[in-house]
Amino acid sequence: MNDASALVRALRDPASVKSLDSDGWTALVSIARAEQLAGSLAYQVQGLELPAAAVRLMADARRSAEHQRRQALWEAEMARRALGDLDVPVILLKGTAYVAAGLSAGIGRSIGDLDILVPRDALDAVERALIERGGWEWVKEDEYDDAYYRDHMHELPPLIHKERDRMIDVHHTILPRTAKPTPDAQALVADSVPMANGLHFLSPPDMICHAAAHLFADGDLAGGLRNLWDIDRLCRDFFTQPGFWETLGERAERHELAKPVGRALRLAETLYGTPVDGDVAGRARAGDGLYLRRLFARDGWGCETRKPLRFAFYLRSHWLRMPPLMLARHLFTKWRKA
Amino acid sequence: MRHEFRLTVGPVGFRIGSDWREPLDRLAALYDGYPETALPDFTVRLFAQRPWRRFIRPSVMIGGDYMLPDAAPMALAHGLLAAEMGMNLQMALGQRRYLLLHASAAEKGGKAVLMTGASGAGKSTLSALLGERGWRLMGDEFALVDCETGLLHAFPRLVSLKNEAIALFEGQVDARRFGPKLSDTPKGTIRHMRPNDEAVAHMAEPVKPALLLFPRFGHEAAVRPMGAGEVFVRLTQASTNYVALGEAGFDALSSLVKTVPTRAIDYPDTETALRLVEQLWTESSL
Amino acid sequence: MPAPVYRADPEKARRIVQLDSVTLIFHRASGLTHIVAPPAPEILAALAEGDADAATLLDRLKRDFDFGEDEELEAALSARLAELETAGLVWRP
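Chains B, C and S, in that order, are what the protein sequence lines are.
Those letters in the first sequence? Residues 1 to 338, by the UniProt record's numbering.
Those letters in the second sequence? Residues 1 to 286, by the UniProt record's numbering.
Those letters in the third sequence? Residues 1 to 93, by the UniProt record's numbering.
In case anyone wonders, no lab produced these hints; they're calculated from the structure.
Quick reminder that beta carbons are idealized off the backbone N, C-alpha and C, glycines included.
Wrong hints could be hidden among the right ones.
[What the hints assert, rightly or not] Restraint-style ranges between C-beta atoms, simulated for each label pair: (1) C:P225 x S:R15: 20 to 28 angstroms; (2) S:E71 x C:T272: 52 to 60 angstroms; (3) C:T272 x S:A13: 45 to 53 angstroms; (4) B:S16 x C:R21: 33 to 41 angstroms; (5) C:S285 x B:E304: 50 to 58 angstroms; (6) C:G109 x B:Q46: 53 to 61 angstroms.
[To be verified] Not the full set, but computed from the structure, chain C residues with beta-carbon under 8 angstroms of chain B: (7) G17; (8) A38; (9) L39; (10) T43; (11) R97; (12) G246.
[Stated by the list, open to error] Some residues of chain S that are not near chain B, with every Cβ distance over 12 angstroms (derived): (13) A3; (14) D20; (15) P38; (16) P39; (17) P41; (18) E42; (19) L61; (20) E74.
Whenever a hint applies, use it, and build me the whole structure from the sequences.
Take a look at the structure:
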């Protein structure tokens with residue numbers, strides 16, 4: 001098939017790849033790489049009898065994922081060493097949290113920068129400790145971008161490590177301050193789960209809220225298949241725990257994210273057969289189909305297709321993040337500099 | 001993608017898609033006889049920035065499974081170069097099976113000489129010249145080390161001759177082996193040259209690395225020993241995936257440094273360099 | 001301020017290769033390669049016996065190596081430990 005559904009099917013039902021011919025595999029590999037899901041796919045199909053070339057490619061993808069996992073855990077450990085004396089909870093987010101907590105969502109996941117969440121009133125101390133004790137420094141940003149980050153975003157301007165060349169993003173909440181939903185950052189911190197080494201991860205319901213917020217608010221739905229795969233894996237890891245769905249429903253309300261969480265669950269169910277709860281997921285809406293078409297918009301070369309649809313989503317995601325006037329100012333400043 | 005061409009170079013398969021036919025026709029002619037691949041390791045895409053740019057002042061964007069976010073487009077007349085750069089990019093960003101060294105290599109008697117060093121050191125030209133003088137060219141740009149066996153795999157893409165180096169081969173080798181002369185590329189004038197039949201016929205045969213050289217152009221002829229620590233550091237710098245391969249990469253590289261004799265060579269002209277290589281090769285096989 | 005106490009990973013966390021004058025350390029936890037000169041490998045080995053500050057560590061090293069008596073030794077060792085801390089090979093528990 002000529003869209004990303006080949007990848008979705010392979011993730012959902014790994015044995016289905018046995019019916020692929022080499023052209024099917026070629027497309028699957030390019031799509032999985034483009035969607036940053038090659039590692040996840042490679043672990044899903046591990047152990048299956050596959051064509052020799054596919055076995056090699058999947059082994060390469062696992063090797064790459066293993067490298068990213070090790071690097072992510074090490075960056076977290078170095079942040080822990082730099083921040084250990086501060087006595088503030090340091091909460092790992094996204095991919096690093098999944099691998100550190102040993103969750104299924106972390107298996108084979110591609111991981112970029114280190115993202116951490118700390119209480120807002122600890123931001124300055126955290127920033128100072130990372131720079132003075134940890135060896136991180138500012139990525140060269142000009143004044144405008146810097147002020148922009150500090151005034152409107154949910155994170156410090158990114159820091160990069162002097163020696164290791166790796167970035168860290170320090171957040172104090174999970175959405176920009178200009179976004180319409182205002183997640184309860186204090187509750188995120190209060191409910192976070194400590195690990196043996198002293199670092200924390202978000203409570204499982206909050207992890208799902210974060211992934212859903214990220215899906216619809218941050219970017220143009222790019223990376224959506226991976227995001228929904230995270231949500232699928234998280235639900236499967238936790239849905240049998242007593243009271244899980246009730247808590248998820250409550251948390252989503254509390255963070256003003258009930259709609260994104262509901263839609264994310266419905267999309268994940270449609271794509272990956274995720275076990276979901278009808279009350280939290282809500283009833284199907286007209287927009288769901290549009291989102292699905294957007295998520296599938298990739299051809300067998302790994303190219304994005306359906307460009308106009310993508311552009312509509314990009315505008316939309318900018319509107320979500322910034323009130324209109326501020327957006328105009330932001331774009332204008334960018335144009336002038338270009 | 002409208003047009004497609006597939007090929008295998010050494011142990012690596014590529015699929016190249018293009019919005020235009022022309023660059024792929026050139027590739028197909030120069031890579032004639034290279035094996036096809038059913039399930040390629042990497043996909044390269046040559047595409048127009050905007051749909052109408054296929055026709056109006058066409059410029060080629062280079063993409064693929066692995067991409068650089070701000071790669072500048074190239075003129076369609078340089079499409080062949082764009083395709084080669086696209087393949088290089090996939091290797092540099094995505095290769096996870098072999099330790100990739102930015103080095104040239106040539107084989108004789110079942111063993112290989114590896115040459116690496118800063119760009120402009122002449123490693124590409126030297127390997128290509130060796131390839132015309134009784135050696136088998138294994139690659140002028142990348143060498144692939146198998147982390148399990150320590151053997152060197154060939155990667156004989158088209159040789160990318162630059163500026164003065166072009167004249168060393170024109171008139172010397174079969175004219176059908178040359179691509180078009182590409183003027184005013186970001187690297188000056190470039191002309192691609194197909195490796196000879198020997199190099200293509202034996203490209204699937206890995207061999208043991210037996211000599212490692214760090215050539216340097218523009219100095220009086222000299223041969224210097226190098227400390228193993230320095231060699232190790234310079235090879236990590238010459239590798240695009242050393243860190244990503246983790247312990248396997250460490251083992252492969254440290255044992256390469258421990259077992260393969262290494263020399264730095266300075267040379268004022270290519271004939272002197274070739275003489276030095278042959279001389280060191282004879283000494284190292286004693 | 002009391003002298004900092006350091007900890008190192010156990011020896012199996014590192015893969016060590018000797019190349020003429022230098023030592024290569026592949027650190028498994030980080031995937032980083034460190035190129036060090038003596039006495040860095042010796043410091044790591046001595047620290048693997050248990051957490052220690054510079055003075056304690058110096059006593060351990062003197063057991064196996066003859067440094068002579070030099071008042072600067074402890075300061076020099078502290079400096080090496082700080083470098084190893086930056087590299088991530090030792091840390092303060």
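Taking the hints in turn, this is what the structure says about them:
1. The given range of 20 to 28 angstroms is respected by P225 (chain C) and R15 (chain S), whose C-beta atoms sit roughly 26 angstroms from each other.
2. Between E71 (chain S) and T272 (chain C), the C-beta spacing of about 56 angstroms keeps the proposed range 52 to 60 angstroms intact.
3. Our hint of 45 to 53 angstroms for T272 (chain C) and A13 (chain S) holds, since their Cβ atoms are close to 48 angstroms apart.
4. Checked against the given bound of 33 to 41 angstroms, the beta carbons of S16 (chain B) and R21 (chain C), roughly 35 angstroms apart, stay inside it.
5. Between S285 (chain C) and E304 (chain B) the beta carbons are some 54 angstroms apart, a value that agrees with the proposed interval 50 to 58 angstroms.
6. Take G109 (chain C) and Q46 (chain B): their Cβ atoms lie about 41 angstroms apart, and the range 53 to 61 angstroms is violated.
7. Given the 8 angstroms rule on beta carbons, the hint for G17 (chain C) holds: about 5 angstroms separates it from the nearest Cβ of chain B.
8. Taking 8 angstroms as the C-beta cut-off, the interface hint given for A38 (chain C) holds, the closest approach to chain B being about 4 angstroms.
9. The beta carbon of L39 (chain C) is positioned within 8 angstroms of a beta carbon in chain B (closest approach about 4 angstroms), and the interface hint is therefore held.
10. Taking 8 angstroms as the C-beta contact cut-off toward chain B, the hint placing T43 (chain C) at the interface holds, the least distance being around 5 angstroms.
11. Hint on R97 (chain C) holds. Least Cβ distance to chain B is approximately 5 angstroms, under the 8 angstroms limit.
12. For G246 (chain C), the interface hint holds, since its Cβ comes within 8 angstroms of a Cβ in chain B; the closest pair sits about 6 angstroms apart.
13. Separation of A3 (chain S) from chain B is adequate, the least Cβ-Cβ distance of about 16 angstroms exceeding the 12 angstroms criterion.
14. No Cβ of chain B comes within 12 angstroms of the Cβ of D20 (chain S); the nearest lies about 25 angstroms off, and the non-interface call holds.
15. With 12 angstroms as the threshold on Cβ separation, the claim that P38 (chain S) sits away from chain B holds: the shortest Cβ distance comes to roughly 22 angstroms.
16. Residue-level check passed: P39 (chain S) sits 22 angstroms from the nearest beta carbon of chain B, beyond 12 angstroms.
17. Every Cβ of chain B is farther than 12 angstroms from the Cβ of P41 (chain S); the closest lies at roughly 20 angstroms, confirming the non-interface assignment.
18. The claim that E42 (chain S) lies off the interface holds: its Cβ sits roughly 23 angstroms from the closest Cβ of chain B, which is beyond the 12 angstroms cut-off.
19. The Cβ of L61 (chain S) lies farther than 12 angstroms from every Cβ of chain B, with a closest approach of about 24 angstroms, so its non-interface assignment holds.
20. For E74 (chain S), the condition that its CB be more than 12 angstroms from all CB atoms of chain B holds, with the nearest at approximately 23 angstroms.
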